[in-house]
Amino acid sequence: MTGPADTAGPEARPAGGLSPEALAQARELVALYPEPRSALVPLCHLVQAEHGWLTPQAMVEVADLIGVTPAEVLGTASFYDMLHTEPVGKYVIGVCTNIACLLNGGIELLEHAEERLGTRAGATTADNLFTLEEVECIALCDKAPCLTVNWRFFGPLTHDGFDALVEDLAAGRLEGEVPRHGILNRVRREGGLRVAREEVLAERAASDQALEQRKAAREAVEKREQAQQGQGGKQGGKGSA
Amino acid sequence: MPDDETLTMVLDGRPVPARKGEKIIAAAERAGTYIPRFCYHPRMRPVGMCRMCLVEVKGPRGFSLQPACFMDAADGMEVVTTSDKVKKAQDGILEFLLVNHPLDCPVCDKGGECPLQDQTMTWGPGESRLVEEKVHFAKPIWISSLVALDRERCIQCDRCTRFATEVAGEALINFISRGDHLEVNTFPELPFDSYFSGNTVQICPVGALTATPYRFKARPWDLEQCESTCTSCAVGCRVAVQSSSDRVIRYLGVDSDPVNHGWLCDKGRFDFEANNSEDRVIHPLLRKDQELQEVTWSRALAAAAQGLRRALDRYGPSGVGVIGGARLTNEDAYAWAKLAKSVLRTDSVDAQLGDGLPAEVVLGLPRATIDQACSARALVLLAPDLHEELPILHLRLRQAVLDGGLPVVELAPAASGLSHLARVSLPYRPGEAADLVQQVLSPHRARSAGPSAPTDADAAARQARERARQLLGLDQGGRGEGVVVVLGRPSLAEPADSIAAAAAALAQALPEARFLPALRRANVHGALDMGLAPGLLPGRVTLEEGRDWFTRGWGTLPDSRGQETAGMLAAAAEGRMGALVLLGADPLADFPDRRLARRALDGVEFVVAVDAFLNGSSRRADVVLPAAMYAERPGTTTNLEGRITRLGQKVVAPGTCRPDWMIAAELAAALGADLGLESVEEIWDEIERLAPSHAGITRVLLASRSSRDGLLAPLPRVPVRIQPGVGRPGGGPAVHPGTTDTGVGATQGVPAPIDPMATPGIGSAERHGVPNVAGAPEDWSTEEEREAWEGPDREARAEEARRQEDVASRPSPLTYSGPTVAPDVPRVDGYGLRLVTGRVLYDQGTLVQACPSLAPLAPGPRLRVNRYDLDRLGRAPGDRVRVVTPGASLVLEAVVDPGIPRGSAALAFNLEGEGAADLIDATKPVTDVRLETI
Ligand code: SF4
Ligand code: SF4
Ligand code: FES
Ligand code: FES
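Chains as they are written, first to last, in the working numbering: chain X, 1 to 241; chain C, 1001 to 1934.
Since the hints were derived computationally from the structure, they do not count as laboratory data.
Interface residues of chain X toward chain C, partial, derived using beta-carbon atoms under 10 Å: (1) P56; (2) M59; (3) V60; (4) A63; (5) V68; (6) T69; (7) T85.
Calculated Cβ distances over 10 Å to all of chain C for the following chain X residues: (8) E35; (9) N128; (10) A205; (11) E222.
Glycine included, C-beta positions come from ideal geometry on N, C-alpha and C.
Modelling step: build the complete structure from the supplied sequences, incorporating the hints.
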């Protein structure tokens, strides 16, 4: 799963290390590789799943786990855009501005997002809820302009659609669909399937259901746009809890 | 070279030889074509980071640009270094490198010796097309207390980070971030605290890394330099000593293939600050009205002579002792040995302070070189933590393990810097080293492990011993061929006898094994060679063996064997000593038992100190004679391999300081004797003539270009013939015939010229002073300099060297075969912990404490114990505990260290305040402590 539910705000856990569960998982990950240090990037993702970012404490622990120095962990982590070496908000929104999205209004979407959230790309909102990022192609070009929220895809998005998404997120309506500090599935899988089959199935069902909902919402938007009625009804992806 | 496969590559149209696996850049350089570079360093793995070395290489699809530092030379490979395409590439790379460079050369320490500057001038574009804002960083940031980093100047060549990771094994700096925001940095709050950090400053090709002791002190065009050898420990790294306005201002490591590969440790690199210290004694001091007061040399010498004479009259020769001498050059040590043994006729002379090994053990076992240790079939480590005491030896061995798979068997009372790389670790309790060696050598005869039933731990230990036997080839009936033992004193709180016994047992069971002594102090090996030890005479001969020869050479000799330092101090404490001479020695700080040292200094009537500083002991002296320090006098030094190298004099000694040999000669004169020694050169000639182990090592030979890396004593027993042209510029490949023998082959031909890019700053400084190979790739010294060193009667000396036929009448150097069983030590009881103590690089030693940059780096005293023991004794990490022995007690913080075996407690030696020396009782073989709550 995505690590223990953490109810305090990000600022309340500045120096988090690995939880016992994550530590166990980390050891399994390390054991997968002939060279322990090969597990570095997966471990970074694991940490991020817990804290949203790579806390110094966690970097020190990761370094110990694989026999490198914390500077080497930082060096690697700071190379990758998807690894955060500074605190992030609850939701990391990455707006794609690569070619397909660019041609479909990606830049405008990003600018709109900056205005809507009142923050620049690369920064976090004052309430620590959103971190906005400009990202390269996220391989959802067919739904351009698009974005990810904690590695979950949304697109194509109009400016209204974006506002709706943000409101849903803020209101907690997408809790089931957008995991806290999303984690890359591959890392989780390779860490050993310690998740019960029922849970996997349940999660898959939830995600299918969310997809359905999103589709319905999109259709609603399309219908509304077709009707050319300028009524600003907020009907983005209706969240489920 | 001969055993490497050679191939021929075509460089700019001409065939040049290359070795298999050699990079294009290196082969081209040997052929005289210099390809510009930044990231390539001959002592590190290539990374192809900077692309400055692009050349055209012909492939199946014609010529293409390739990094010359990354591509192996191949047979028939066509390489072009001068085409327009190459020029354009170099031009473009430099323009790129300068895109974010701040161009602040006028305020940069590197300005004037900067490869980026130089190569931009030589190969770069005239101007930049960049008009955009550059990337900015805060400048500079301190990445450690010694090193500052200006990230704006960094060209991301990966030299510093590669050094830290690859060579030092301390990846505390790394590249952070990416693209044009790439920076070198540390992890937050985890500074670059490495004993080797200065090397990154040395190899940085720009002014990004600077070190406190040199920052803003001088300009390269004001620097003069001479080549020398570091004498801060016994590794003997090659250095270039640089000075400005007659002050030593910087050392750079010079690449000596058999020794330091260009690296220095930070202590060696920065402790020149002591030379410039305000605290130096620069005029003679005499005790008047209870206080040391400045006097003239003649008064001081007269007073010293008077005191010594009175002691001789009252107590006889054995009533005078000479302690110390490891700080001296070989020539100084020889002069002092001659003064002590032939004028004062005392044999109580000891260059070690009870913290080393018996001189017979050091001199009498077959000696290994560092190279032999690195390529050993198996390396036995029975030594203190080399990372702390002989740092560059640590680096060499570390590299040998990682690159060459050197199998290490470590026998140690506590984990060391190399433990994690050892194939087999055999921990032992202080005092039980010889037992452990016996258990390894003859597992069936070994004493039983104890009354208790064997445990898992016992089984694991037995397995480890079996693995060690295998590695040493014992089960296959091996005689130790290719085995090297690094032998030193793992802990000062255990008897040297026990290590000596362990060594003797190893030498007996493995007669072909060689030993690399790991004594720490500067020229301690040279001092022992020169006879600054009881029972010995210069040239590694015993007093008895050498009696006839030296009676002829010196006239008089001591009647019988004298005392070691411990014996001298005990005699002094009991009032049986009339005078002590301290040759740069501080027994109060360095002798393992401080209480004894204190009683000795209280009990002795008269003390003469010959020193550059006042230390705890010399403060109690009656006469202090100020000595010239390193870089202030010429001479030679001997490292732990027995490698003799020359020291350069770069600056004038302050005040009226004199070289130690001169002090000895004048003191002899004041005593009414004549040492017959009037110059360093003359002393060396006498050493070469009289000291059997140094026969044939003439000044001509030492000064020759082929001996730049020094000469190993003794030379192989091959008749020494001096080739005409040796040491002469243009004299052809000067290989001394005597040094090509495998055992002690010192040099293979002329060393390669220094790569100015491997050590920026070494090629640009003006040459000055005697031996200088570093700055002069072509001609190692001017004719006058050579004359000055070799003396005008060079031919006569060569003749002298040829006349080595009377080898037969010389005494033969000693061989060691002592008892192989050590005296029993008491078992440690369940409430006690056995003390382990060794030195750390930065301690309260006089030299370190006289260096403003190094003094604060000395750690505070902490008692390190295993978690098990701490729990067992009901203490928590960080608790302050009272450490109690029958005679002493002190309060320390206790910390957990998994590297300390159960039942032991470690405390570094000579730290601030009361410490290990206050706990140790020299009359007891080992020291057991109890921990009490406060
Ligand atoms: S600091 Fe110097 S040595 Fe290190 S990467 Fe930058 S330029 Fe190279
Ligand atoms: S290892 Fe020893 S000889 Fe080498 S630089 Fe350090 S102190 Fe000097
Ligand atoms: S360009 Fe935006 S997802 Fe591919
Ligand atoms: S890429 Fe060859 S020297 Fe840097």
